[in-house]
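Student: Protein chains in written order, with our numbering: chain A, 59 to 443; chain B, 790 to 925.
Worth flagging that the hints you see were computed from the coordinates, not collected in a lab. Beta carbons are placed, not taken as given, at the ideal position from N, Cα and C, and that holds for glycine. Treat the hints loosely; a few may be bogus.
Chain A is nowhere near these chain B residues, computed Cβ spacing over 10 angstroms in every case [unchecked claim]:
1) THR792
2) PRO805
3) THR807
4) GLY810
5) THR842
6) ALA920
If we take Cβ atoms under 7 angstroms as the criterion, some of the chain B residues that face chain A in the derived model are [unchecked claim]:
7) VAL820
8) VAL829
9) VAL833
10) ALA837
11) SER848
12) GLN852
13) PRO856
14) PRO859
15) PHE860
16) ARG861
17) VAL878
18) GLU881
In silico BS3-like cross-links for lysine-lysine, where the CA-CA straight-line distance does not exceed 30 angstroms [as the list claims (entries may be wrong)]:
19) A:LYS101 / A:LYS134
20) A:LYS134 / B:LYS857
21) A:LYS134 / A:LYS115
22) B:LYS902 / A:LYS236
23) A:LYS115 / B:LYS902
24) B:LYS857 / B:LYS902
25) A:LYS371 / A:LYS236
26) A:LYS101 / A:LYS115
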Amino acid sequence: MSDDDIYIVGAGRTVFGRYDGEDNELAEQAVRSALADCGLSWKDVEFAVGGTNGETKPDNLVARLGLTGLPFVTVKNGCATGGVALMTARNGLLAERTDIACVVGYDNHARGAFNASPARYGIGDWYGATGMMVTTSYFALKIQRYLHEHGLGERTLGYAAEKAFEYAAAHPYAWRRKPVTVDEAMDADMINEPLTRFMFCSPDAGAVSLVLARGARAFDLCERPVRLASVALRGRRPGSFEVFSPWLSPGERTSPSIDAAAAAFASAGVSPSDVQVAQLQDTEAGAEIIHLAETGLVPHGAQEEAYRNGDLKVDGRLPINTDGGLLANGEPVGASGLRQVHEVVRQLQGRADGMQVPGDPRIGFTHVYGAPGISACTVLVSEGA
Amino acid sequence: MVTHVVDETLFASTDPVTLRGSACADCGAHVFPAMASCPVCAGVDVTAVALPTEGTVWSWTTQHFAPKPPFRTDEFQPFSIGYIDLGPVIVEGWLVGRTTWQIGEPVRLVLAKAWTDAGIDVHTFGFESMAGGETP
Ligand SMILES: [Zn+2]
Numbered sequence: 059m060s061d062d063d064i065y066i067v068g069a070g071r072t073v074f075g076r077y078d079g080e081d082n083e084l085a086e087q088a089v090r091s092a093l094a095d096c097g098l099s100w101k102d103v104e105f106a107v108g109g110t111n112g113e114t115k116p117d118n119l120v121a122r123l124g125l126t127g128l129p130f131v132t133v134k135n136g137c138a139t140g141g142v143a144l145m146t147a148r149n150g151l152l153a154e155r156t157d158i159a160c161v162v163g164y165d166n167h168a169r170g171a172f173n174a175s176p177a178r179y180g181i182g183d184w185y186g187a188t189g190m191m192v193t194t195s196y197f198a199l200k201i202q203r204y205l206h207e208h209g210l211g212e213r214t215l216g217y218a219a220e221k222a223f224e225y226a227a228a229h230p231y232a233w234r235r236k237p238v239t240v241d242e243a244m245d246a247d248m249i250n251e252p253l254t255r256f257m258f259c260s261p262d263a264g265a266v267s268l269v270l271a272r273g274a275r276a277f278d279l280c281e282r283p284v285r286l287a288s289v290a291l292r293g294r295r296p297g298s299f300e301v302f303s304p305w306l307s308p309g310e311r312t313s314p315s316i317d318a319a320a321a322a323f324a325s326a327g328v329s330p331s332d333v334q335v336a337q338l339q340d341t342e343a344g345a346e347i348i349h350l351a352e353t354g355l356v357p358h359g360a361q362e363e364a365y366r367n368g369d370l371k372v373d374g375r376l377p378i379n380t381d382g383g384l385l386a387n388g389e390p391v392g393a394s395g396l397r398q399v400h401e402v403v404r405q406l407q408g409r410a411d412g413m414q415v416p417g418d419p420r421i422g423f424t425h426v427y428g429a430p431g432i433s434a435c436t437v438l439v440s441e442g443a
Numbered sequence: 790m791v792t793h794v795v796d797e798t799l800f801a802s803t804d805p806v807t808l809r810g811s812a813c814a815d816c817g818a819h820v821f822p823a824m825a826s827c828p829v830c831a832g833v834d835v836t837a838v839a840l841p842t843e844g845t846v847w848s849w850t851t852q853h854f855a856p857k858p859p860f861r862t863d864e865f866q867p868f869s870i871g872y873i874d875l876g877p878v879i880v881e882g883w884l885v886g887r888t889t890w891q892i893g894e895p896v897r898l899v900l901a902k903a904w905t906d907a908g909i910d911v912h913t914f915g916f917e918s919m920a921g922g923e924t925p
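Take the sequences, apply the hints, and build the full model.
Tutor: Here you go:
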């Protein structure tokens, strides 16, 4: 342990789903829960970072939590908001040589698929008017090509959905908790070939908060602090396949997820084969399949067999999205990346809210990915009691 | 007769129909629609070019629910969209004529009616199968 090591000492989240109250009220619940988890109060926090994709101002949370005068940074980076918030908090602790930071991410989205405007993405109105500004079709086009290139069957998608809802059925904070069989997932209403209704997540509401501590202080606050061994953020390069792209480059495919994962593993000195529990961006079932390979956890083309063998379930070789992932938790954009870290922290501390991965896992990994082609990954390490 | 289209800047010509992209003098990258700079190499020496009109289906899906506005249509019917490999660039567009496709099948550029505006047909670009009983 060094003074530059950053640990997660407290973790709190709300139940995800529909929420009628104010966004800031939701965020406050998560912060109070994370602080209570490590026995701190808001007065102890020296640096805070808040992220949301909505209209509220995270830094105004101080009105509810206490006007202590602390620096509060707001981040807004789409699906990568949680990862960026966490990275900002880590950097803040290291740069300011302070000890305690609090991170919070939250959102409360309206029902239905996100409705994006072409102008916000620098695309002409024709793109939306002709029905191409649709996130579900992007995901379908991407996984359709991926399955073809790597010789994977469409049933791989059904396995991914079945696994998500099996984990979620046991998780008290997940939103959609009804188990779904592979056949039910395959036979459900087709949204965009090859993706059915059970293979997509929906926007919803939720908040997650983490308390970070630097160096020895972490061990005063928490019996099993989890070290944030690395956090890496990357953007797209030519050859990536992103949402709302009227054209793609031919030739080799790149991905910000490949780059962010490689950077996170290198920085932590950990190999993908060391990972014992992981969370991957599964905006839909196809995304999980692609990201298993892009992060280096499962080789391209080997995913179908990994699902079929149960490798990715709780007693398998590499449990993935043990809280049900986005498929079962939905996607409150600002909270989603921190939800992943929350779940892995709990797993590494041996106190999972849902199914606990057996065998005292020590090394975890998280991955978020989103528009307009950004990814953030973390490596989390439990050094034991 | 004038052909009305969803956006004139997408087309190098509407008769015969060709798409207007741009090519980078520095790295050779082609993009669509035409841009004033090159996102691949960050170069600024780019010129507008007419893109190839024949290619193969690189990926496809069918839209089974009506997208929200700003999507426009006279009457919603499920429709296919795909990425078409034109050689120097892969372009996203409608796949017209059916709702099930195969990756790799040959297609060619056509004009397709998008909606009617005050009695006038407004067209976008699409791709149709080069097999499937079409007149050669
Ligand atoms: Zn260039």
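Student: A separate judgement is required for each hint: does it hold in the structure or not?
Tutor: Against the structure, the hints come out as follows:
1. Every beta carbon of chain A lies more than 10 angstroms from that of THR792 (chain B), the smallest distance being close to 15 angstroms; the non-interface claim holds.
2. Remark: the non-interface label on PRO805 (chain B) is consistent with the geometry, its nearest Cβ contact in chain A lying 20 angstroms away (cut-off 10 angstroms).
3. For THR807 (chain B), the requirement that its beta carbon stay farther than 10 angstroms from each beta carbon of chain A is met, with the minimum near 15 angstroms.
4. Non-interface call for GLY810 (chain B) relative to chain A: violated, since the shortest CB-CB distance, roughly 8 angstroms, does not exceed 10 angstroms.
5. With 10 angstroms as the threshold on Cβ separation, the claim that THR842 (chain B) sits away from chain A holds: the shortest Cβ distance comes to roughly 15 angstroms.
6. Taking the minimum C-beta to C-beta distance to chain A, about 19 angstroms, the non-interface status of ALA920 (chain B) holds against the 10 angstroms cut.
7. Proximity of VAL820 (chain B) to chain A holds as hinted, the smallest CB-CB distance being about 5 angstroms (cut-off 7 angstroms).
8. A hinted interface residue such as VAL829 (chain B) counts as satisfied when its beta carbon comes closer than 7 angstroms to some beta carbon of chain A; here the least separation is about 4 angstroms, so the hint holds.
9. Hint on VAL833 (chain B) is violated. Least Cβ distance to chain A is approximately 16 angstroms, over the 7 angstroms limit.
10. For the restraint placing ALA837 (chain B) at the interface with chain A, the shortest Cβ-Cβ distance is roughly 14 angstroms, beyond the 7 angstroms limit, so the hint is violated.
11. The interface hint given for SER848 (chain B) is met, as the beta carbon of that residue sits about 4 angstroms from the closest beta carbon of chain A, less than 7 angstroms.
12. Interface hint status for GLN852 (chain B): upheld, as the beta-carbon distance to the closest one in chain A is roughly 6 angstroms, under 7 angstroms.
13. Interface hint at PRO856 (chain B): satisfied, since its Cβ lies 5 angstroms from the closest Cβ of chain A, which is below the 7 angstroms cut-off.
14. Taking 7 angstroms as the C-beta cut-off, the interface hint given for PRO859 (chain B) holds, the closest approach to chain A being about 4 angstroms.
15. The beta carbon of PHE860 (chain B) comes within 5 angstroms of a beta carbon in chain A, closer than 7 angstroms, and the hint placing it at the interface holds.
16. Interface hint at ARG861 (chain B): satisfied, since its Cβ lies 5 angstroms from the closest Cβ of chain A, which is below the 7 angstroms cut-off.
17. Nearest Cβ of chain A to the Cβ of VAL878 (chain B): about 5 angstroms, under the 7 angstroms cut. The hint holds.
18. Annotation: GLU881 (chain B) was flagged as interfacial toward chain A, and the flag holds, the nearest CB pair being 5 angstroms apart, inside 7 angstroms.
19. Between LYS101 (chain A) and LYS134 (chain A), the direct Cα distance comes to roughly 25 angstroms. Compliance with the 30 angstroms bound is thereby established for this hinted pair.
20. Restraint check for LYS134 (chain A) and LYS857 (chain B): the C-alpha separation of about 25 angstroms stays at or below 30 angstroms, so the hint holds.
21. Pair hint LYS134 (chain A) plus LYS115 (chain A) holds up; C-alpha atoms about 10 angstroms apart against a cutoff of 30 angstroms.
22. For the proposed pair LYS902 (chain B) and LYS236 (chain A), the alpha carbon gap of about 43 angstroms is over 30 angstroms, so the pair is violated.
23. For the given pair, LYS115 (chain A) sits about 44 angstroms from LYS902 (chain B) by alpha-carbon distance, which is inconsistent with the 30 angstroms threshold.
24. This hinted pair checks out: LYS857 (chain B) and LYS902 (chain B) have alpha carbons roughly 19 angstroms apart, not beyond 30 angstroms.
25. Distance check on the hinted pair: LYS371 (chain A) and LYS236 (chain A) sit about 17 angstroms apart at the alpha-carbon level, within 30 angstroms; holds.
26. At most 30 angstroms may separate the alpha-carbon atoms for a hinted pair to count; LYS101 (chain A) and LYS115 (chain A) meet this at roughly 20 angstroms.
Figure legend: structure checked against the earlier numbered hints; hints not met, in rising order: 4, 9, 10, 22 and 23.
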